[in-house]
Amino acid sequence: MMGFENQGFEEAHLFSSRQEIQSLVLDEPLDGKSFSDYRSAMSSISEAHHPLSPPIVGIEVDDDPLLSPSSYMDRRNPNVSENSYLEPPSYADVVFSPFGNENGEANGFENSTHDSVKSEIISRSASSSSGYIKIAVSNPVKEQEISNSLVPGGNTYVTYLITTRTNIPEFGGSEYSVRRRFKDVVTLADRLSESYRGFFIPPRPDKNVVESQVMHKQEFVEQRRVALEKYLTRLAAHPVIKKSEELKVFLQVQGKLPLPTTTDVASRMLDGAVKLPKQLFGEPATVVAPHEVVQPAKGGRDLLRIFKELKQSVANDWGGSKPPVVEEDKEFLEKKEKLQVFEQQLSNASQQAESLVKAQQDIGETMGQLGLAFIKLTKFETEEAMYNSQRIRAADMKRVATAAVKASRFYRESNAQTVKYLDTLHEYLGLMLAVHSAFSDRSSALLTVQTLLSELSSLQSRAEKLEVASSKIFGGDRSRIRKIEELKETIRVTEDAKSCAVREYERIKDTLHEYLGLMLAVHSAFSDRSSALLTVQTLLSELSSLQSRAEKLEVASSKIFGGDRSRIRKIEELKETIRVTEDAKSCAVREYERIKENNRNELERLERERRHDFLSMLKGFVINQVGYAEKIANEWANVAEETSGYTKESS
Amino acid sequence: MATITTQRSLSGSSQSPRSPSAQPFLGITVTDPVKLGNGVQAYISYRVITKTNFPEYQGPEKIVIRRYSDFVWLRDRLFEKYKGIFIPPLPEKSAVEKFRFSSEFIEMRRQALDIFLNRIASHPELRQSEDLRTFLQVDEETMERARSQETGIFKKKPADLMQIFKDVQSKVSDVVLGKEKPLEESSPEYEKLKHYTFELEDHLAEAQKHAFRLVKRHRELGQSLADFGKAIKLLGACEGNSLGKAFSELGSKSETLSIKLQKEAHHLLMKFEEPLKDYVRAVQSIKATMAERANAFKHQCELAETIKLKEINLDKLMLTRSDKVGEAEIEYRELKAEGEEATRRFETIVRLMSEEIVRFQEQKTLDIGIAFHELAKGQAQMANEIADAWRSLIPKLEACSART
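From first to last, the protein sequence lines stand for chains A and B.
The first sequence begins at 1 in full-length UniProt numbering and counts up by one.
The second sequence begins at 1 in full-length UniProt numbering and counts up by one.
By construction, these hints were calculated from the structure, which means they are not laboratory data.
None of the values given here were measured: they were computed from a predicted structure.
Any given hint might turn out to be false.
In silico lysine-lysine, DSSO-like type, Cα no more than 27 Å apart, as pairs [said to hold, decoys possible]:
1) Lys358(A) to Lys209(B)
2) Lys336(B) to Lys263(B)
3) Lys420(A) to Lys377(B)
4) Lys336(B) to Lys316(B)
5) Lys336(A) to Lys209(B)
6) Lys358(A) to Lys420(A)
7) Lys245(B) to Lys335(A)
8) Lys338(A) to Lys233(B)
9) Lys336(B) to Lys420(A)
10) Lys358(A) to Lys316(B)
11) Lys260(B) to Lys358(A)
12) Lys358(A) to Lys336(B)
13) Lys335(A) to Lys230(B)
14) Lys230(B) to Lys358(A)
15) Lys233(B) to Lys648(A)
16) Lys335(A) to Lys596(A)
17) Lys230(B) to Lys338(A)
18) Lys271(B) to Lys648(A)
Just chain B, same shape as in the assembly (with noise of 0.2 Å):
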């Protein structure tokens, strides 16, 4: 675990330019999970480590106490006010509570936790938020009460943020596919952005599950050749001689070999599936901003059918001349003006995507580039060290038959 952290803030600094004197940088690492508190209650807090020089923030290096709640009211706090800016995911929260404080579940969502922070921390829109400045550096009852101050949907529990986000989710798809709503955006580019995005998802989700069921034929392997290695051992013993040696040595390679497995599968769940799963959470945070999109688009038209009918009206009220035309033109006005807003709103979440894309893309086809260095890598030096350890009982067994 050491290892995997120190690899991590290594590539958590790589965000950060070569001269941090010259440039701005923000590096953070998250580290040191604990468990607090018990039963129900129990829940998991980490280190929360910032290194910068940026000016807004009150020193080069500042160390808070967050736990998960605390992330995704960031998130959330993120999303509300960085309309059109896909806003990196979160780990979800774990589906089974008997995982939820398995070592390797904590270390996994450290690890994307470091990452979702890091990314906000990259972007350069997002490392400006002020709320990242508050998470990143008030006190932990701060923190707290700001938590609990939300208002609105964010006031409830975690619990139910999940069901929010999968609301959303379904309200998206509703959306998207037009099933509800009518007004519906309709550029040939936009529909193929759309279409790409939840094709994507289906690909990668199958990608992921894969991958998943790999990292778990990896551990099953590894058990099934502990189990062959002892059975191997055993019968060696029957056999006493030099065959009998024979056998006990490679029942022992097995069982080796079988701790190789498990430390591989461990790799490969950390530095191949997580990557792939954090893909897939990337483009359902797409299919979120593009929900906020589309609400925006309804908003806009929304408003500018009324704007129209409110013009009707006008032209109408002036060609009567009534009393009632100094205040409906000002109503009109401020319809226009809200009209306006919208559309600018709605505009500057389009700009903000088509850009969002292009970042998404380059950072998938790093962060999975990586992702496939590790699993090649990692199946190479398995396989190598697979290949070692039988080629070396291949003398011994020589020696044996040559004795026959």
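Same shape as in the complex, but just chain A (with noise of 0.2 Å):
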């Protein structure tokens, strides 16, 4: 893109030289009237003009009979049209168009240049389907930046009006403008980039980063200008993005750009992530625990290093495994190897096209100097003649100063026309910019594919792990439990025991008072009695003492079911996120094919099209190296034909 902005200096530079050669008046009869005219010439060529000669523009030059454009044709036509290329009337408007603008000024050239060059990317995008948009950009106006700025006066931008002409139906009107400044262009590419990818959107201008006395230069906004225009035609070409949305706003709302400007920071900067769920990222607990699980051993000491070099591992080991996974498309690699050898050609191409086009500018250059260099001569040699012979030679002079002029001129027109056509290469390259990125949005899915997948295979791994666990805590709690169900039958055993030993007590206490006169019985009975009392003790401490044991299992066991608790909670939640990453790793699969259906299409579309575009910059090239080879042929075939008494003389 670089070589298009070059080419607009180029084309600049070139109108002031072209302006200069143009008002140099080269027909006149070479008598003495002749003479102010000449000087005039030459005042505009040391640049000093004379106080009393106007600015000198090519005016006169209306009525002379060589320069204007349609005698030019005439005198043209009978010479040449027997040997002469007989073109279809269609490829002489586009190679003569230029000499419409002749005597116009130095604007209308380009205007005409960028016209066809726009109407040739619309009757391709119009033979593709029969929807039209015209875009241009026009009318830049500085403005002031409303934000709160400390600085008045410091924040100054440009904003172009975009004027839209279609018929597609979407767009619901035929006719619409907006203002926009540079700022949401590059929104605009942002939406779309993220929009569509895998397509092979044109590449946006670039920014430019520039001072801001710069900016605000005329060349600079005219070369920004011409720069978006292109840039909006191309993406109004594209058969899918002509009719996106974020194109049709952009086109079309009023007042501010309702696309939003940024989308996550991070989530852009991951950028084969930007799919995923945010669980997954920017939290780095859930990642360090399944590194705390595998390796407990290590835990706590550098955990940081440990974290960062095991991320490192993984990452070598994707890189390591990347082609296996590329290769899965066997087509769409050939293809993409092919464009690799394509592009390495077409910017070898698009370089000596470059040099072809400066040399072809030069040669023009150099023959304009040398026949400004002979007009000079032609006018002092007349000037100070004192011989017919000099006057003779001033004449022949003047008749080669003229061709050389004229032939400059058509090479600077055909070189204009040249860089016209060869610029199909450039735009080719530009849009390899915009494959690629097309290729990284597909490798980039890729990569989340895998990304996501990996995470899969190591959640599952750490639920399972998890699971296991807990599994065997389980195990150990049972046996606990079981322990306690012994005790509690020994406290249920014991208490029977107790019951019964209580009632035994009862039982004999009644028999005492049966039998209370019965002295005998009385001294064994109170024995008895005292050692019932010692059993109903002794149990009852025993009791307590198993109740005590059994109320401290259980805590001891609940203690142990809430840790289990919790656990079966996080296992849950890692199934969660598994689900949740699979939904992601499905939507990325989803993803990556579409892309990669995107690349397919575009890559059929890309093949058609620059067959299409090829053929018509060859053709293009050719014609137009013809139509002013031919001119220049027959300049100097005049001056050769002028001048061949001198070789007849002097055989």
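Since each chain comes alone in its own frame, lean on the hints to assemble the complex.
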């Protein structure tokens, strides 16, 4: 794209020297009255305007029969038609259109070039579908930033009027115009690259970080205007993007651009993971957890370092395992490789085209300078002429000078056209950027799928491990519960024994009442009673100790139960994460497939359009070369004819 | 190169009248440059063929071998002997050592030397020159002796000669601009001529500079076309099908045209740039003659001054009737004769120059006319070839796009 901008400068440069040459008056008769014209011509060369001579424009040229375009064509046709390539009218228009602007202002030519470029692109899109969008960027206006900036007047920006004419039904109208600034275009490009991953989206003009002073220079603004128009026109030529909501909104909605300026910066930075669920990122705890599970022995010590190493090695593993995964689409890979070769050749060709254009421009310029030198010499000889031979020579020189200047002009025009045609190479080079980004969309989508897959497998292994661990714990619990149960059973048995003993004691007490009189039995009864009481007391103490043990056991086991519950919760969370990740994975796989499909479609489209574009480039280039070479040949042939007397004279 | 040689010899014989038996003619051809010697000593020798019916010459045809410094010798001799005549210019020594033996430089110099000799041979005065006869006829040893026998400033090496030539030039400009000498001719007509000559040199130098650049541009465009052709061919190889073929054909055509451009660049150099350069040299030769004229004028004025003083002195002596009158009178008469001789010399220069200017203008109109014709012819031919080459591609491209 730099090439294009350079050409912008070159063109500007060309125009200045072009005017210079146009302002020279070449074809008056060589008598006294023409001197003033010569002098004015000379003064324009030296750029020192004589105060009396008005600023020189090529007005006088109008009534010059040689330079006026229509008569030129008349002159040309009878001479050349028999040996010239007889173009169909459409080619003739393309090739000779610049002549219409010959006497117009400098911009006229440039505009016509743009128009034809545009119409070419549009005609291509028109041939692929009936709908057309014609976009013009015009009328740049400097505006003040409304933000509460501390420095007043510090923030100005330029808005451009973007006018759209279309017959696409989706637009629901035929003509719109909105004001947009460059930032809006950046937003549009960002939104498009997000929504249309895998498409070959025409690359946006460069941001060109420049100082604000430069920013508002006329030529910078103009350059950017041209670049924006080209960009938007290319977007509108894309079969899918031209129907996009984003473009429609950009072109139609008045006032502030409603598209969001930025999405989450973090997610955009992790480009491959744009569509990942948030909980997988930015929460180191969940990531660290498996590490702790896997490597408990190292726990705590230099955790961060270990973590980083782990991540790195994982990344390395991916790097190593990437080729086998990518290889999956053989056809795609072949095409990609072919495209890489193509790109290399394209960049080479584009470079050579640039130097060819440069060489053509140089030869034209030098031819012009030679012409100017001879014009000066003609003027000099005419002024100083003492002998007839000098006048004859001056007349010859004038012929040569005229032819040289004309040839120079033809070279220049031819070059402008050549630039136009060979620009296709540049455009394709620019498009290769889009192809690259589409491919990187694809590979980043693939990376996302891979990330999610490995994430999933690690999550699953974590869940398994946790389940195994908790099942072990459950085993331990069960034995503990069994112990509690046993204890409880013991308590129950002991309590039975106790109640039995209490019952025996009561029964003995009753019997004692019955047999009160029986003194003999008293002693033994007393001893029985005391021994039964002892039994009761023993049983009671035993019971209380058993109860305290049961309580302790219950507390202990309830603690264990609580731990289990949290572990189970964790497992469930993990399962949820796995589910979400799986959703993300299938989403990512879908995205990947979609991008793959887009890639394929775009590759096909690219091939189709490339064929068309390249053919029209070649044709345009060749026809242009033929046209101008014929003109130059004609000019020189005339001079050769006029000077042929000399060779006859000398032989 | 062969074609150029034949062309040159054709135009060389052009100076000779149509019926050689009836009218005197002198035709010279410089051919077959050969490199001799090694290293710093290396030089180029040329075969100089003379065909003539002049009775002063030994025979109708003579072939000698000469080197550049021999030509310089001839030029210097003529310059010394034919004051007031514009001696045809020699091509300059190669400024850049590495181009000295490039075939292009050698060929250009050969052509320029050929023109140099034929200009002398066609000049009504110079063609009678004894030095020319020597140059064209004596064997190599004699030539070398003559060259080394030269005394005075011309005994010096060619490199010094260039310096002297430059000194003369700067002296000329000093003289003409009136920096140094108060004694200067000031007829309006001669002033105009001086002004014309100096301006002309500037203008021509500028034109020649652009012409040389144009040659370079042709070469560069040729190179670019060749590179472009290669790149386009490679790009075509990526395409494979009929489009690829179209690409590679475009590439081949570019390469073909590149060769044509290189040829045209050579043609332009030989037939357009070199004549322009020759024109510049011719103007410089006029300036050298002007310096001689200024010297002669100065000499004449100084003598006139001295004579006047002597006359006053003589009158005084006559009044005092001194013994020295006789001696002084002889001295005065001698001086007077010398003064008359100086005046005659100066007047000869003036007369010759006014004739020479006319010759010069006519000659240059012819030369430049031919150069212009060659330029136009070459450019037209090249442009036509370009048009033809590209045009031949159009049907193929049409067929290719029709299939799409």
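Now for the hints, and whether the structure bears them out:
1. Lys358(A) to Lys209(B): Given that 27 Å is the threshold and the Cα spacing comes to 20 Å, the pair holds.
2. Lys336(B) to Lys263(B): This hinted pair is violated, its Cα atoms lying about 63 Å apart.
3. Lys420(A) to Lys377(B): Between Lys420(A) and Lys377(B) the Cα gap is close to 30 Å, so the pair fails against 27 Å, i.e. violated.
4. Lys336(B) to Lys316(B): holds, 18 Å
5. Lys336(A) to Lys209(B): With a Cα-Cα distance of about 51 Å, the restraint between Lys336(A) and Lys209(B) is violated, given a limit of 27 Å.
6. Lys358(A) to Lys420(A): holds, 13 Å
7. Lys245(B) to Lys335(A): OK: Lys245(B) and Lys335(A) at ~20 Å, within 27 Å.
8. Lys338(A) to Lys233(B): holds, 16 Å
9. Lys336(B) to Lys420(A): violated, 81 Å
10. Lys358(A) to Lys316(B): violated, 82 Å
11. Lys260(B) to Lys358(A): holds, 19 Å
12. Lys358(A) to Lys336(B): violated, 70 Å
13. Lys335(A) to Lys230(B): Measuring from Cα to Cα gives roughly 24 Å; hence the hint holds.
14. Lys230(B) to Lys358(A): holds, 17 Å
15. Lys233(B) to Lys648(A): Given that 27 Å is the threshold and the Cα spacing comes to 45 Å, the pair is violated.
16. Lys335(A) to Lys596(A): holds, 13 Å
17. Lys230(B) to Lys338(A): Judged against 27 Å, a Cα distance of about 19 Å means the pair holds.
18. Lys271(B) to Lys648(A): Status holds; Cα separation ~16 Å.
Violation of the numbered hints given earlier is confined to hints 2, 3, 5, 9, 10, 12 and 15; the remaining hints are satisfied by the structure.
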